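**Q** Quick note, the sequences are listed as chains A and B, same order. Final position of the first sequence in numbering that gives the first Met the number 0 is 400; the numbers increase by one with none missing. Final position of the second sequence in numbering that gives the first Met the number 0 is 195; the numbers increase by one with none missing.
It cannot be assumed that every hint is accurate.
[To be verified] Calculated cross-link-like contacts (lysine-lysine; reagent style DSBU-like; alpha-carbon spacing at most 35 Å):
#1 83(B) - 167(A)
#2 171(B) - 37(B)
#3 218(A) - 261(A)
#4 218(A) - 208(A)
#5 65(A) - 208(A)
#6 167(A) - 298(A)
#7 83(B) - 208(A)
#8 195(B) - 83(B)
#9 218(A) - 83(B)
Hints listed in this document are in silico derivations from the structure and should not be mistaken for laboratory results. Just so it is clear, the structure is predicted and the values come from calculations on it, not from any experiment.
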Amino acid sequence: MSLDLAQIAIQIDSMAAKLQASEEERKQKLDFALNTLRSQSANLASLKRKIETGKTTWLVAGIEDKLDAHYPAPPSPEDFIVLATDGSHIDVDRHRSARCFVINIGIVRLNYGQTPSAFLSSLPMLHFKEEDVVLSSTTGSQQETIEGSLLGVKRSVEECHLLAELAKEVEANLPTVALLDGSLVLWGLAGQVYPAFVADALLENGLLKHLEELRQLSKGRQLALASYISFPRSTEVVNVLRLALCPYEPVDCDRYCASKTKERDCDNVAGLLDRELFEQLLTEGECSALFSSHSSIVKEHYREHQIYFFYVKTAGELVRVEVPQWVAEGRRLLDITHTIILDQCRRGQGYPVALSEAHEKAVITAADRDQFWQLVERSLARQDRMVKSSAKAKSKRMRWI
Amino acid sequence: MEIAAKVGEVIEASTSEFVAQCYQLHEPPPLGSLVKTKNAPGETYGIVYHAETHSLEPGRRPIARGEEVKEEEEIFRNNPQLAKLLCTDFRALVVGYGEGNRFFHYLPPRPARIHSFVYLCSMDEARNFARSLNFLSLLIEANLAVPVDEIVAASLRHFSQAYDDQQAFLVKAGKELALLLSGELKRLNSILRRLK
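One chain only, chain A, in its complex shape (with noise of 0.2 Å):
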């Protein structure tokens, strides 16, 4: 029985009528939190002290600058590159004959100025080895299998390594920006989900070694790495407001506010987005002051490569960019972070075309995830093994007998 769309509509239009309702409310909060905001701009330094000394049960941003500064931009450079990576993969399954996991990851390079031109390529890369598809501890007492959501992570290590490649690459003396999707953040790893010699292996010989090559590239040449967030979903500078708004220093929600019935001051902005503040705060081309991150696993892993993220507003979207310490430490480079980002959404109608085109490149299409595990089976019984498959597997595609 297909799903019963004359009664979901019903929902629907009650959903949509509370949404209404509560847009009065939102926009409220809205400019409360907007006006705290620019009331607290001018206590950088106590807004710091009660941060570091504050206990919350939500993330908070470190704060740089001034909370309401906003910064036009600055003229884009005449000749520049642009780097790009993004990737997707094909993931482990079960009920095939071989375990292993294919990542494939699109590269882009596209120079502008006296001389444009473009190179767009993709990577594939098949893991099988069992030290390629397995994480082991030094003892090799503890093991992690890589699939799922832990493979989600290599990708994105395996993006930055492609970028920091291609940076090698490219010629020195124009400045360079390179660009990932989704967070320098691993967040998959955060939460104490998986024991530390994933964390090793995934950050340490990981992410930090690529991010540390970057930084290496980048003395004595401007080159920048940042990542590119659409629409993002962080509430990391709306909760600096919230604990601007305690009453309480040092800030500590679990002493004071543990009962779930007592009213909060800070919940007259809490549930507002980072973006929607931001998109009210910042005119078109602007971006906001520097933050950094205090997620933990960036505290406790990244070193000297801390996390910053500053919110740009471009012609489509407000966005949020995060750069390494390296990058977020020298003023030139963030300028042409910024400037060079805005420039690439106006070229990629409203998201940077690097990084879309890396997309494309990196995409994996259902036809292409079948002809894979088709020439694996194929290949396997050509090298004469018994190709065995779950029969859960067989029932559902009976190709050969």
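Take the given structure of chain A and dock chain B to it, following the hints.
**A** Just chain B, lined up with the frame of chain A:
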């Protein structure tokens, strides 16, 4: 002796035609021109009857980008990835093959090979090929996606450029067509009009 120019690479091939992708965007060989591709032990000859520029990926279409730009070249300069996302192909109808100095105006024993290079024949070679106009019968009977008469006329106009006395060649071709289209006066006149 002019050297034939390399213009593309075969991406589809059958007994009666081949499709080639051009190396230069927007620069296929002219409609009606004679092209050749290696097909050991000799070469297969074709007449270009269709060319097309399109997106390399089926799901993606070009969009207009030049509203605020003065010159068309600027669109490609401002968006360098475009040249990598578009391609120009052309289709050639097989009209014969050659081995050494001999030409055969009938279909070759085997189709062209994928990835073989396609060359635009020099005027000398075109003149040698057209010494006999037997290939016209293959052309006239062809079932093409474009009006055949257009291609017949275009190819004859192209071949005539290889002769000092273009008019003499066109008259000779006209006589050959009159024989082939003896029962189709309307069609014959339509082609002859396009030879001017």
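**Q** Each hint needs a verdict: does it hold in this structure or not?
**A** Against the structure, the hints come out as follows:
1. Distance hint between residue 83(B) and residue 167(A) is fulfilled; the C-alpha atoms sit about 22 Å from each other, no more than 35 Å.
2. Restraint check: the Cα-Cα separation between residue 171(B) and residue 37(B) comes to about 30 Å, which is no more than 35 Å; the hinted pair holds.
3. For a cut-off of 35 Å, the pair hint linking residue 218(A) to residue 261(A) is broken: about 52 Å separates their Cα positions.
4. Distance check on the hinted pair: residue 218(A) and residue 208(A) sit about 16 Å apart at the alpha-carbon level, within 35 Å; holds.
5. A threshold of 35 Å between alpha carbons decides the hint, and for residue 65(A) with residue 208(A) the separation of about 33 Å falls inside it, so the pair holds.
6. Simply put, residue 167(A) and residue 298(A) have alpha-carbon atoms about 28 Å apart, close enough for the 35 Å limit, and the pair holds.
7. Restraint check: the Cα-Cα separation between residue 83(B) and residue 208(A) comes to about 32 Å, which is no more than 35 Å; the hinted pair holds.
8. A C-alpha spacing of about 39 Å is found between residue 195(B) and residue 83(B), which places the hinted pair above 35 Å, so the restraint is violated.
9. Between residue 218(A) and residue 83(B), the direct Cα distance comes to roughly 32 Å. Compliance with the 35 Å bound is thereby established for this hinted pair.
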